[in-house]
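S.K.: Model the full assembly from the supplied sequences, consistent with the hints where possible.
Single-letter residue listing:
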Amino acid sequence: MKHLLSILARKRMFLSALALLLTGLVSAQVRISGTVTDAETGEALIGASVRVQGTTNGAITDFNGAFSLSLPDAGATLVVSYTGYADQTVPLAGQTTLNIAMAPNALIEEIVVVGYGVQKKSDLTGSVGTVKSKDIERIPTASVDQALQGKIAGVYVTPASGEPGAGGTVRIRGTGTLNDANPLYVVDGMLLDNASFVNPQDVQSIEVLKDASATAMYGNRGANGVIIITTKKGSKDRKAVFNLNTSYGIQQIDRYLPLSNAAQFAQLYTESTGDTTRFPDPAALGEGTNWQDVIFRDAPMANVQLSVNGSWKKLQYNLSGNYFNQQGIVEETGFDRYTGRFNGEYPVLKNLRVGTNLAYSTSLNNSVGGGVIGSAYRIPPVFSVRDSTGDFTDPTSFGQALGNPAADLFYKNDQHQRRNRWVGTVYGDYNFAKYFTFRSNFGFDRRNEREYYFEPAFEVSTSQRNEIPRTSRDSITIRNWLWENTLTYDREFDKLYLNVLAGQTAQENRFKRRNTIDNVLQPNGERITEWAMMSFLFRTNATFYDRYLVTASLRADGSSRFAKGNRWGYFPSAAVGWNVAQEPFMANQKIFDRLKLRASWGIVGNDKTSEYPSLGVITDELYSSFNDTVQSGATLINYSNAGVTWETARQTDVGLELAVLNGRLTVEADWYNRFTFDILADLPIPEYVGSQATPVVNSAQVRNRGWDFTVNWRETKGKVSYNLGFILSTVDNEVMNLNQAKSEILAADLGQGFATRTVVGQPIGGFYGYKVEGVFQNEDEIEKYPTFGDEQPGDFRYADINGDSILSSEDRTYLGSPIPTLTYGFSAGIEAYGFDFNIDFFGVSGNKVLNAKAIQTRFAVNNWEQVFYDDRWTGEGTSNTVASMDQERFKHNTRVSDHWIEDGSFLRLRSIMLGYTFPKNWLSGIGVSRARLYASGTNLWTRQEYSGWSPEFPGSSPYAVGIDFLNYPMSKTYLFGLDVTF
Amino acid sequence: MKSKILLSAVLILLTANACQKDFLDRQPPGELTFDKFFQTPEQAIEATNAVYEQFRSFDCIALGYLGVTDIISDDADKGSIPDDQPPLADIDNFAFDASNNYFSAVYRGYYRAIARANLAIENVPKVDMDPTLRDRLVGESKFLRAYSYFLLVQWFGKLPVITKTLQSDEYYAQTRQPVSDVYAQIEQDLKDAINVLPHKEEYPAQDKGRVTKAAAQALLAKLYMLEKDYAQAEILCLDIINSGRYDLMPKYSDVFTQAGENGIESIFEIQAVALPTQQSAGPGSSPYNMVQGVRGVPNLGWGFNRPSDNLIASYENSLDPRRKATIIYEGDQLPDGTVVQPNPQIFQPRYNKKAWVPSHPGLQDNGPGNIRVIRYADILLLAAEALNENNKAAEALPYLNKVRKRARDSSPVPLPGLLPDVTITDQTQLRERIYRERRVELAMEQQRWFDLLRWGRAATAMQAAGKVNFTPGKHELLPIPQTEVDLTDGRLEQNPFYN
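In order, the protein sequences belong to chains A and B. The working numbering numbers the first residue of the first sequence as 1 and each following residue consecutively. The working numbering numbers the first residue of the second sequence as 983 and each following residue consecutively.
Hints were generated in silico from the structure; no laboratory data involved. Glycine included, each C-beta is placed from N, C-alpha and C at the ideal position. Mixed in with the good hints there might be a few duds.
[What the hints assert, rightly or not] Simulated coverage check for chain A against chain B, where a stretch passes if three residues somewhere in it have a Cβ under 8 Å from a Cβ of chain B:
1. 75 to 81
2. 385 to 399
3. 531 to 540
4. 607 to 618
5. 684 to 694
6. 825 to 835
M.R.: As structure tokens, this is what we get:
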């Protein structure tokens, strides 16, 4: 397709040249000259057509984007056009030197990267969302995932945590499985399970394939959606252009948790334990230590990106280097990364092009052991950081095995993770016959990750100490290669455009892990696993009469994870589209610039589970001890399932695309229904089975359905251009079947019972527990209401859900879902007189969050959240919302209940940015073609209902989402930077 | 042009077919899969050894196990610092419910042992090997399966009786079988084991510690005692006693030293060894010593399972040498010469001396101590108890007095009047003497709770120990772990009053 477009461009160039030749014969009176540039990047546009309106007189721009024209008079109007940009009409009004900035035309010629090719947006039959580089760059982060948050309808990103360098959890159109629900990443043609190595500033565009028609080409791993990342490529026929972008910022914690101070703690302690001797006068203790001050700090972040883009002889290249440094808002944490990239393409022969996209990344992640966030939350404020002798205070005097977080920061900070990664592709495109292209693409991913942890000998207390200095090393090596061969037939007939693709691919992954302590290999410390995949693919795209679109595809995949006989999966898709506005009967209407309807259906698969789910792997090192020595032992302790096969998702999508008001307003709306069945899940099994691991089974069915809406407004008026954007998506997630001899999956054990229950008719991982109706005020009430039998005044009064007049575990019920039913984002941008201003919001609603951290500490002698001080029950009539502090009653009052469940909705000012681009004439003397100064803020404002640091908890499994286990909090960032092109 | 297309197509197909043959057949490198296991005699031995390994696991013999044996009984309190492991305190105080994670630990631990045993019992007979060895290996696994069920049935009552490796369609379909069926299964396994297991001296030296014929007889005797089949119990106990293979060690405290491991008094021990290691827990180690070790100075462990006031009061003479051999007090000098320092975080610290081990290679995690599960004194006392129940009081006395004499003789200096021989022949009175002897002789050896249940005396003993939450009719059985009830949609019924 790229090829086709370049033909189009060449044709246009040829016509323009012809026109110029013809008009050159006419005598000229006025000489007009100028440049044509990209309004967004400032880059020169080569080969743009500049034509005098109503005439055939015109010119095309040269390698520097410059043109000159001779005109009869300077009162004419020029029409400037360029592939992929909106035509621009410029009245000369006497000017003879013009600088024309062209806005990329989102509507007519937008090119979208799809699986194994590119397509014009107007030809798409599938649902594909796109983000361009400038939208990604506004978020200062190491992770492309985090930069995607709130950018594309139907794509829901939850930051893994606020830890420096952390990635995100991406869910495309809901959580489609009980298994690994992460999408597939395709970076410049390389299929990967994550894109953590990608420097967001190297990204040209990100396409998210949402429906089955779009993802079917990645049938084997498309069930959870596909994210295609295309990095910046070299420009053709252009001298080297250097770009330096550097920024510096400060991050802060967004908010402190309201925890009780020393005086309040002492009061609560006395009430909780009945011990009145320890703190005879609680009020005298005052504020005490705010441990959040001890562990949190303002942390700097810095970024430097240098890139060179251009062509050398026929080699088009883009070379970039980046340094990113993000210190963490928790002391002693930080992330440091260098990335380098070379993308190049070279035409060896007229019909043979070879190229490569090569990236290297090395990062260092510093973290701190001991769970300092948890201990800062738990440690009572009556302790100081150090005691009178200058040693770290031992906080165990309440009998709680608590750690002093300051001591952990001091002793356990020599912990880091070094990640080195090479990812690249090498490809050749051989246009061996008219209409036919053979492409061979070899990709590789080589990762080496080393985790190092040294802990010196130290002692703060019997529960916070280390006897012997210990060094632990954990190394992971991953080698992955992919080889894809495709043959494309691409031909434009009179009334038919046809593109047919057939191919074969193979991929192999080898994972090796080695774990040592003090250089000694640990039990089962070395592990190697492999998987391999082989696929055949076929797709045809046909466009009849420029308006009837048909796509059909089939992919066959074999996965090494499954046993012979269950190994191959077949994934077909079909889609149709209708460009109504192209119909002859629409020719005279002025309202619709585009009116397109499309519908797709398809089946895609997912094999993501452990590498050998069908094989019973014998565990060794199960030593028996006889006669004071050991004998080797081995047996099967992890059961397997030989019959396991593909998880499959069937998706239907119906979409409408509209463009009105000369393309200024565009609307895209999609309804989708994705039904996932044979879900690969390691469902919990009873312990009497005796298996140490849970075998993987094809089980369960989940449906996600909903709407995606994208609305954009874009307008340029003279030197002012502005845009407004709005996305909204809904997800209705429902478990349709569990397919087992059981009706529910209980998970997320908090020590007080399971917190989530997955059951037919409800969302995955819905919260499950008791409903609190109030607090028992007196014995009379206890008599009156159903109870467990041992309730006392001050206890929570739980609802008798099943109405049997007695409370039991049968009275637990559904308490809400952690999956938002609605996610939305809106943005606004304006560029005028050199200034640019952008603002992005992101929000979710309809989800719940479980405050597990409070359940787990509420009634032990820990610090307490301030709400307990403010609202606790201390006697009849004092509170009907928070139970008494009585330690004896904690088991009753910390049952999983709606008391601990909060609204997870939030609205966040994701980014705000102000930039100023210096006028060119200021810079020309110093060899700089463009310079922009900017300031930005990230996450500066969040309106959240949840009482914790931040409300996003991606969770370790789909059953344990939205649970606050004291994650590393999100930060807000203030940043300024300079972007110079020379 | 057509030829070029054809060529490309052929090339694609060739590369595809060339790779396809074995490309998708993947085995974990360097690892064995089940279809290639149980092929050799070595593998048959390894699979049997793996059953033993499970009995050293944290689930089987550490906090959960001590919680539902000693701590739940009147022998011991939770120990350690007050707020460490609240679920154990709940067990101590009968404040638990079905979600207590230590019930899941022992339930899980012993069912995993059963699964390993089932796999060996099913597959070892298929291995082409020396039939004597093959039968012995199956016998060992049957004993270990029986021992697991023997513990589980006393804790939980009715149980799913799993005697083969379950297939995936059977995972959720099991139900609890009557206690009599569980007993029958244990009895069958032990009878099978008795038929094939060798005597201890028949094992080669490197296999010292494997289960023996006498171990199976002893466990069967214990089962008969549980079933109140005293006639059968008597026969088995006397069989062991009259075999002459076992005797008491001269000095009581020596039973629990490293030299006493697998000694003349030992009938069945869970074997552990501390090999030099730089790992936290070496390959033959157990956590049993660590979780009960002195907490503080010297720092030997976590300090759980604190001998109770009630236990101290139960010795008929405070100079009974068994008391000092059972309980470590603050200020005591340990056998290695170190002195236990006060620990301000623990109120009146005490520790289980029978779990004490001297310094050994590696750290605390690398515990070397064997756990004395069945020893000769236990069998002597069971013999006495069975004979007395069979109205043979006079015949019971020598066995009871043999135990008392050894205790008496263990005193460093002769003490006149210490633990005199019992001469009572009244059945009821003698029963009390035997019960009391059994308690102090086997104190802190995880026997007490089972004895109380067997004697029907849990309620009175708990009352006497001040455990006022004990509810007769409920707390004699532990609840089936709530997760297990939930996972089976209640197909596993909960024990009474735990819902």
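S.K.: Tell me whether the statement that chain B covers the region 531 to 540 of chain A is true, taking a Cβ distance below 8 Å and needing three residues at minimum.
M.R.: holds (count 5)
S.K.: Tell me if chain B covers the region 607 to 618 of chain A under the three-residue, 8 Å CB rule, please?
M.R.: holds (count 6)
S.K.: Would you say the region 825 to 835 of chain A counts as covered by chain B, given the rule of at least 3 residues with C-beta under 8 Å?
M.R.: Violated, because only 0 residues of the region 825 to 835 of chain A bring their Cβ atoms closer than 8 Å to Cβ atoms of chain B.
S.K.: Can you confirm whether chain B covers the region 75 to 81 of chain A, using C-beta to C-beta distances below 8 Å and requiring at least three such residues?
M.R.: Since 0 is below three, the answer is violated.
S.K.: Within the assertion that chain B covers the region 684 to 694 of chain A, do at least three residues meet a Cβ-to-Cβ distance smaller than 8 Å?
M.R.: holds (count 9)
S.K.: Closer than 8 Å, Cβ to Cβ, for at least three residues: run that test on the region 385 to 399 of chain A against chain B and report holds or violated.
M.R.: holds (count 4)
Consistency note: the structure conflicts with the earlier hints numbered 1, 6.
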